[in-house]
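In order, the protein sequences belong to chains A and B.
Numbering of the first sequence is given in numbering that gives the first Met the number 0, commencing with residue 0 and proceeding in unit increments.
Numbering of the second sequence is given in numbering that gives the first Met the number 0, commencing with residue 0 and proceeding in unit increments.
None of these hints come from the bench; they were simulated from the model.
This one's a predicted model, so the numbers in the text were calculated from it and none came from an experiment.
Please note that a few of the clues may not be correct.
Straight-line C-alpha distance at most 20 Å; calculated EDC-like pairs for lysine to aspartate or glutamate [what the hints assert, rightly or not]:
id, chain 1, residue 1, chain 2, residue 2
1, A, Lys270, B, Asp120
2, B, Lys350, B, Asp211
3, B, Lys475, A, Asp50
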Amino acid sequence: MAKSSVATGRSKALVRRETRSAYLFLLPNLIFFVGFVVIPMILCVYTSFFDSTMGKDVEDVFIGLKNYTELWQDPIFLRALKNTFVIVLVSVPAVCIFSLWVSALIYRMKGVVLSTFRCVFYLPVVTGSVAVTVVWKWMFNNYYGIFNYVGKGLGVVENNINWLGDERFALWCIILILFTTSVGQPIVLYVSALGNVDTSLVEASEVDGANNIQKFWKIKWPLIMPTTLYILVITTINSFQCFALIQLLTSGGPNHSTDTVMYYIYYSAFKLYRYGYGNAMGVVLAIFIALLSAVQFKLAKEK
Amino acid sequence: MKKTMKKLAALGLSLTMMMSLAACGNSASEQPAAEPEAEETPAETPEEEAPAEETTEGAEAEAPAEDGAGADLNASITLWTYPIGNWGDSATVDSLIASFNAKYPGVTVTVEYLDYTNGDDQVNTAIEGGQAPDIVMEGPERLVANWGARGLMVDLSDLFATEAGGEIYDSVESACKAADGAYYEYPLCMVAHCMAINQTMFEAADAMQYLDLETHTWTTENFMKAVQAVYDSGQQNVAAIYCSGQGGDQGTRALINNLYSSTFTNAEHTEYTANTPENIKALEELYAQAGINFDASINGGEEITLFRNGTLAMSLCWNAAQQTNADNGEAGKTNNGDTIIPMLFPSDDGKTELCGGIWGFGIFDNGDQAKIDAAKTFIDFICNDADQVNESVKASTYFPVRPTLTGIYDGTDTADVMNTFSTHFMPSMGDYYQVVPGWAEARTEWWNMLQRIGTGGDVATEVETFVTNANAAAAK
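Just need the whole structure built from these sequences, with the hints factored in.
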């Protein structure tokens, strides 16, 4: 008995030591996490209740929920919110479906061929967003862009289309670019997930007479669900936070047709110095992201 | 209970992560980066992607102080400069600081080079972090109307009280003065923004007859005739009312305000007054004119590129620095060698008022009197010292703000062009109205208004919306 309690004491000490080591390993990251995530987050929520602006000896004025109520009466914010949701609702399914389709086609390929495909789709992800944007801007150029050139050459377009300067097209151009820069990571993840599906399960289903569609939906799809969930959440967050493309290509125009909440946060805080208002938008955006992610988790669990 | 606590902790952590994504902005790969545009001031040199920082140690200056006047001054100050001509070039600025240190060896000047894409954000972030620079070089719309109006700058009245300060043009001095009577900028240089035409395209269209090349002027009627002639000659894109952002917006304002001699603000600089019948008529005619595109996909900098590469026959975003720019080939020529002729904006009464750019120095009040004194000494040396000021102005590639400073560019390659601008363009520099309160919002409202007009919005309604929103911003 005494021997057993000594052993338990030793194992507890060991666990404590290992736990302490683990926390020490985590500490550097934790410091950054607290410093650059937790504290800014708290300040963001706190400042959103104030009329806060830049200036010497300017005191922040507590205004309660006024920033939040103003948001819903601000037509630019409402348009930005609508645009953001359009981007999310179009981009997320498109990215997921396209990357799953491509992955299903290429994951059985071997060696160089598979690596080539991975490279092709991953290249826009690792290329700097400025470089990507500059190239796209050239392609969309009103005067000598390749889209107008090809379109006119093929007789599809009669007169040059001002892709980024026309309300009817600008947001869709942004979505297209976002799509190309978003599919790389999901494809790599899906290829990996599909490659890790237990072949014995697939073979067993074949023995039971399952066809290809049944094999995919009944065996592979449930097994890659965690990857799908991760891709959904990450793509949703990235789409909600679409900013650099807007900043570099359209500055929210023409006529606010490409304003997103992220861009409007930047504009309110850094151009108009309305820090409280910008933070209130940040909180609202975070709530939307959290809600949508929660729904995705819930749906994935039910599956 | 333990399970509930764990769930709560997990939920808290999840929310933390979600909210932090919004709080902290974007991922590293999506940081806003250099937008290929010049702002109010199309820079002569390409804008830098990131600020560079370097220190010129006063103690390392080779030449000793000429006299003992500056020897007892000891301080370390920071200078942040936007790319105003060669004030964005480290070799040029180093040489200017070396001259300063020869006289004031105890002052160390650390320079940071800003660009017009991220510069404002950098300065604002520094202000919020209590790390504002001691000196910043830019124009009244930032130094006076923005940071000065927010009580962040030091009053520079004493510099205006000097002999050199008393010589500064009244209009320039007025632009540096805030509503509270304090001066938040001490000016060094200025330029009048104008427009330019491609001579080859105009000759091909037989449109040179509409220009007065002696005075570089044209009437509104002749301007419209010229645009039509160039368009009829097969040049579909004659000019662009660029409006993707605020970059180079002084060009569109100047064109519209001058066509029928109207105004943008009142003379007191307290109110926006662009909703005049004359401005509305100008906008309606521009919108209806074949060959003029309201283009929401380009800004001023991009319009210059299109003009230089021969896509457009005119640029509305021009000045002396553009005319002497030889980055893409011979100065005063397009990329394919066509001659560029600078022109005043057309006017119906023959009195064009050009938008001006005025650049100088402001001092942030960081609470350290020794640094403030050193900063004032630096500004005084750069702008007022008889042996130095010509070099300081020349570095800007623009013009002096004092009539007593003449012949700065004599003997240089650009002397003829600078003389042309000095004779025909600088005298037409109009009211510097960019100091009206709410200027940042008004600028945004302006290009948004042009976008709406460009997509078929009713001109009178859109102009009224602009004025209402701009004045609401001014009243805040």
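Each hint, compared with the structure:
no., hint, in the structure
1, A:Lys270 / B:Asp120, "holds, 8 Å"
2, B:Lys350 / B:Asp211, "holds, 14 Å"
3, B:Lys475 / A:Asp50, "holds, 13 Å"
Of the numbered hints given earlier, the model fails none.
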